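Colleague: Sequence:
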Amino acid sequence: MEHLQERLEQLRTQIRFHNYQYYILDNPSISDQEYDGLMRELMNLESQYPQFITLDSPTQRVGHTPSTRFAQITHGEPLLSLGNAFSEGDLLSFQERMQKQSAKSISYICELKIDGLSVSLDYEQGVFVRGATRGDGMVGEDITANLRTIRSLPLRLNEPVTLNARGEVFINRRVFDAFNEERRLAGDSLFANPRNAAAGSLRQLDPHLTALRPLDIFLFGVGSTVHPEVRTQGEALDYLRRLGLRTNPHSRVCRNFGEVLEFIRTWSAKRATLPYDIDGVVVKVNELATQRELGTTARSPRWAIAYKFPAEQVVTKVLKIVVQVGRTGALTPLAELEPIVVAGSTVSRATLHNED
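The sequence shown stops at residue 1280 when you use the working numbering, and every number in between is there.
Rather than coming from a laboratory, the hints here were simulated on the basis of the structure.
Please note that a few of the clues may not be correct.
Quick list of simulated restraints, FRET-style, between CB atoms [said to hold, decoys possible]:
no. : residue 1 : residue 2 : range
1   : Q975      : G1007     : 47 to 53 angstroms
2   : A1235     : Q975      : 53 to 59 angstroms
3   : H1132     : R964      : 17 to 23 angstroms
4   : V1271     : R1165     : 25 to 31 angstroms
All values reported here derive from a predicted model rather than from experimental measurement.
For glycine and all other residues, C-beta sits at the position ideal for the given N, C-alpha and C.
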């Protein structure tokens, strides 16, 4: 039995290494056939000796039996939403508030705002044990089994640490198009955009179905219990990468607010070049001690703001106008449009609100 347990751990270690090479570094070091052989051997041994299955085994990504409902998880720390900025004027107002509220020298960090679904992840002694949706910020839905199916999310970290991490689950645009085409050929309904597909996939009651969906994840933050040497948000992102967690490569520590505005202008122009959707840039005070000093409101942290890109505008043709009659007899004109894609969704109708 000791030899069997050694072989099981050897297989798990090898597969974790190759998962990291493939999903995190995009640098596979063995063929798919060799990888499949390792996975088959592990699955066969675990099916014969289920008493030796561990929570962090790579085989546990396929999901458990379907749930009838999601249990609730109370977040150890609130998972708050961000205040929004819609103009450079709003951003400069945010900067002024930061300077007034803190006597310390402040730097900032800019991160791309991934258009996905926010999640909270708990690791204990380096092993992924639970995950939840944002929910209302205080209580979220337990989607642990579904999160286990995401290949780019390690079930065991590179270090045996206990921490809470926050991330954004999304679907790559190119993969989304192929996934939607498969659904079309199967006669299934199509998803409007990658964000809807990601959210719907994470809330499947059957994790086996989630495992078939091309979900991906970027981690963007850690809870207050973090390595004592981590003093800034930039260092926190480095720490997450050191643990084997995937972070977005496009972030920048800014020494002044002019660099913040430059980063935003750059990515506002380059957003279409990314393989995934972003809907803005998140600006944070970089120093964690200053973040704690600034604190939060009931709804959002004072030390961060989300700059939202202007809504995408397109031109199409009005084919005809029809009038809808509401339950109370109110008349609402509705424009039927030549279908056009706006922000990832196909729009063929638009409410005109009133006759004027």
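Colleague: Take the hints in turn and mark each one as holding or not.
Modeller: Going through the hints against the structure:
One distance hint, 47 to 53 angstroms for the beta-carbon pair Q975 and G1007, holds here, with the actual separation near 51 angstroms. One distance hint, 53 to 59 angstroms for the beta-carbon pair A1235 and Q975, holds here, with the actual separation near 56 angstroms. For H1132 and R964, the Cβ-Cβ distance of about 18 angstroms falls inside the hinted range of 17 to 23 angstroms, so the restraint holds. The hint said 25 to 31 angstroms for the Cβ distance between V1271 and R1165, and at roughly 39 angstroms that hint is violated.
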